[in-house]
Amino acid sequence: MEFDVNIFVQQLVNPSYVSGAFLSVAVAVLSLVLATAIGFAVALGRTSRSRIAQGVAGIYTWFFRAIPALLVLLIIWNALPQLFPVLRQDWFSPFIAAFIGLGIVEAAFMAEIIRSALLSIDEGQALAGRALGMSPVKVMLKVVLPQAIRTALPPTGNEFIGLVKFSSLASVISLQELLTTAQVGVNITFRYAEYYAAAIVYYLIIVSLLTLLQSYVERKFVWTSRSKSKKPSVLEPVGQGVQS
Amino acid sequence: MTHSGPELKQETWSTNDPVLSVRSLHKSYQDQHVLRGVEFDIHQGQVKAVLGPSGSGKSTMLRLMALLEPADDGEIRLRGRRIGVREKARGAVALPERELAKERRNIGMVFQKFNLFPHLTACRNVMLGLTSVKGVHPKEAEEQAMAMLQRVGLSHRAGHFPSELSGGQQQRVAIARALVMNPDVLLFDEPTSALDPELVGEVLDVMESLANDGMTMIVVTHEVRFARRVADEVTLFDSGVIVEQATPDEFFDNPQHQRTRKFLSHVH
Numbered sequence: 001m002e003f004d005v006n007i008f009v010q011q012l013v014n015p016s017y018v019s020g021a022f023l024s025v026a027v028a029v030l031s032l033v034l035a036t037a038i039g040f041a042v043a044l045g046r047t048s049r050s051r052i053a054q055g056v057a058g059i060y061t062w063f064f065r066a067i068p069a070l071l072v073l074l075i076i077w078n079a080l081p082q083l084f085p086v087l088r089q090d091w092f093s094p095f096i097a098a099f100i101g102l103g104i105v106e107a108a109f110m111a112e113i114i115r116s117a118l119l120s121i122d123e124g125q126a127l128a129g130r131a132l133g134m135s136p137v138k139v140m141l142k143v144v145l146p147q148a149i150r151t152a153l154p155p156t157g158n159e160f161i162g163l164v165k166f167s168s169l170a171s172v173i174s175l176q177e178l179l180t181t182a183q184v185g186v187n188i189t190f191r192y193a194e195y196y197a198a199a200i201v202y203y204l205i206i207v208s209l210l211t212l213l214q215s216y217v218e219r220k221f222v223w224t225s226r227s228k229s230k231k232p233s234v235l236e237p238v239g240q241g242v243q244s
Numbered sequence: 001m002t003h004s005g006p007e008l009k010q011e012t013w014s015t016n017d018p019v020l021s022v023r024s025l026h027k028s029y030q031d032q033h034v035l036r037g038v039e040f041d042i043h044q045g046q047v048k049a050v051l052g053p054s055g056s057g058k059s060t061m062l063r064l065m066a067l068l069e070p071a072d073d074g075e076i077r078l079r080g081r082r083i084g085v086r087e088k089a090r091g092a093v094a095l096p097e098r099e100l101a102k103e104r105r106n107i108g109m110v111f112q113k114f115n116l117f118p119h120l121t122a123c124r125n126v127m128l129g130l131t132s133v134k135g136v137h138p139k140e141a142e143e144q145a146m147a148m149l150q151r152v153g154l155s156h157r158a159g160h161f162p163s164e165l166s167g168g169q170q171q172r173v174a175i176a177r178a179l180v181m182n183p184d185v186l187l188f189d190e191p192t193s194a195l196d197p198e199l200v201g202e203v204l205d206v207m208e209s210l211a212n213d214g215m216t217m218i219v220v221t222h223e224v225r226f227a228r229r230v231a232d233e234v235t236l237f238d239s240g241v242i243v244e245q246a247t248p249d250e251f252f253d254n255p256q257h258q259r260t261r262k263f264l265s266h267v268h
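Chains U and S, in that order, are what the protein sequence lines are. Residues 1 to 244, numbered by the working numbering, are exactly what the first sequence covers, in order. Residues 1 to 268, numbered by the working numbering, are exactly what the second sequence covers, in order.
Don't read these hints as lab results, they were simulated from the structure. Take the hints with a grain of salt, since some may be wrong.
[Claimed, not checked] Dumping the calculated DSBU-like pairs for lysine-lysine here, alpha-carbon to alpha-carbon at most 35 Å:
1) U:K220 x S:K113
2) U:K220 x S:K139
3) S:K88 x U:K142
4) U:K138 x S:K102
5) S:K88 x U:K220
[What the hints assert, rightly or not] Computed spacing ranges between beta-carbons, pair by pair:
6) S:P70 x U:G162: 43 to 49 Å
7) U:S48 x S:S28: 20 to 26 Å
8) U:K165 x S:D205: 35 to 41 Å
9) U:P85 x S:S28: 34 to 40 Å
10) S:R229 x U:P154: 46 to 52 Å
11) U:S116 x S:E140: 58 to 64 Å
12) S:E250 x U:G124: 55 to 61 Å
[To be verified] Rough simulated footprint, nothing fancy, chain U against chain S, three-plus residues with beta-carbon under 8 Å:
13) 41 to 53
14) 113 to 119
15) 157 to 169
For glycine and all other residues, C-beta sits at the position ideal for the given N, C-alpha and C.
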């Protein structure tokens, strides 16, 4: 059997691949958002002075770093609805189960990224904010967090890409994401190479776009006046470079 | 938060009284007794230089005055009002961080390592206290910040980030950042110690001009010549206590204590 380019191209433009790719990215985005929110709370707990907060956050990280994401998905989709009738209703779709499951697992990893980013900020920064009379919340939001985000961005990009691929795990709970789409096609036609090749192309496109997005966001966090030169400011010295 | 009931003891304060006063201040770290009953006053418009060897407790006193760390014992009064604690029947209780933050607005602090916010331009560094603490409208805050940068001679650097400024410029921005809050007293914690020697002068010049404008300042420093020329009074710290307190002429030309003579022989 030869690689049939026609089948490959046909699949590339197949709408079910597009919607599968869209689902994969959507699951990844939503679970990253959820993971960042939970992870931030866990990171605050881990760096808190309260023993209880430290304990709860520590247990969360320990538990969800240990349990395979696949198992968490199966528990959320199969076990929890048996225990809680509210999860048997129509709104509880594979999509929701997938992003919640991946999100709470990923949160344990995001917590570590956020914690190390928070700890990397010089203590003098919070001190200066406090000395100005800023409340603890303001110190966090205006001083520490903007700097911690810069440190956390590259590893978060990694996690994001990981999540796009992890979304394929959701095939076990019958989410029609990208890899499932390919697999379904294969099961009908047995054209493994062509269908998997199409999936490869989609993953490459997705990750390329995410890499571009990441470098664009990282550029926003370069703190020099030159990097902002596209929006000229009256505050900026004109002709500084000419003199030298 | 509103107080239930009247203030327990609201002293009447007049401009002849000290702006900031410290009584029997104690502080220990682990088994290190860093401050051992410090008494210190500064009046409106005064400039006090605090000298002393490293580890003598002078920087610790500033941190306590700025309410950045709690005292173990003793009291700090700003315009006659006790700060950092709430006085209860059974004694003084340290305020929670949120309440401390409000009291810190009236005390400015300049750090040895500047501690400018690297993600903000010079102008925004100066604006941040106004917008996020005092709730000043950004437009108005920017005007005030620019005026303050002008005062420290850096309005042409307003759009630059700290990484693009020299150490001396960064420290001048830090001074503007503290100054724009219009504090009752400005504390300097070795403001020129982290600077290259050729950049010290520009920072001391700014500080001297503030002094001439009547700013109340406490300056922990190793710059003996600055202390002599600018300060109204010079204080020597050693081992957690104040050894000598005198006018610059007295302090440098006719020190009363053996410890002061020894210290001066090292720095001269």
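Enumerated hints in conflict with the structure, sorted upward: 5, 8, 9, 11, 12, 13
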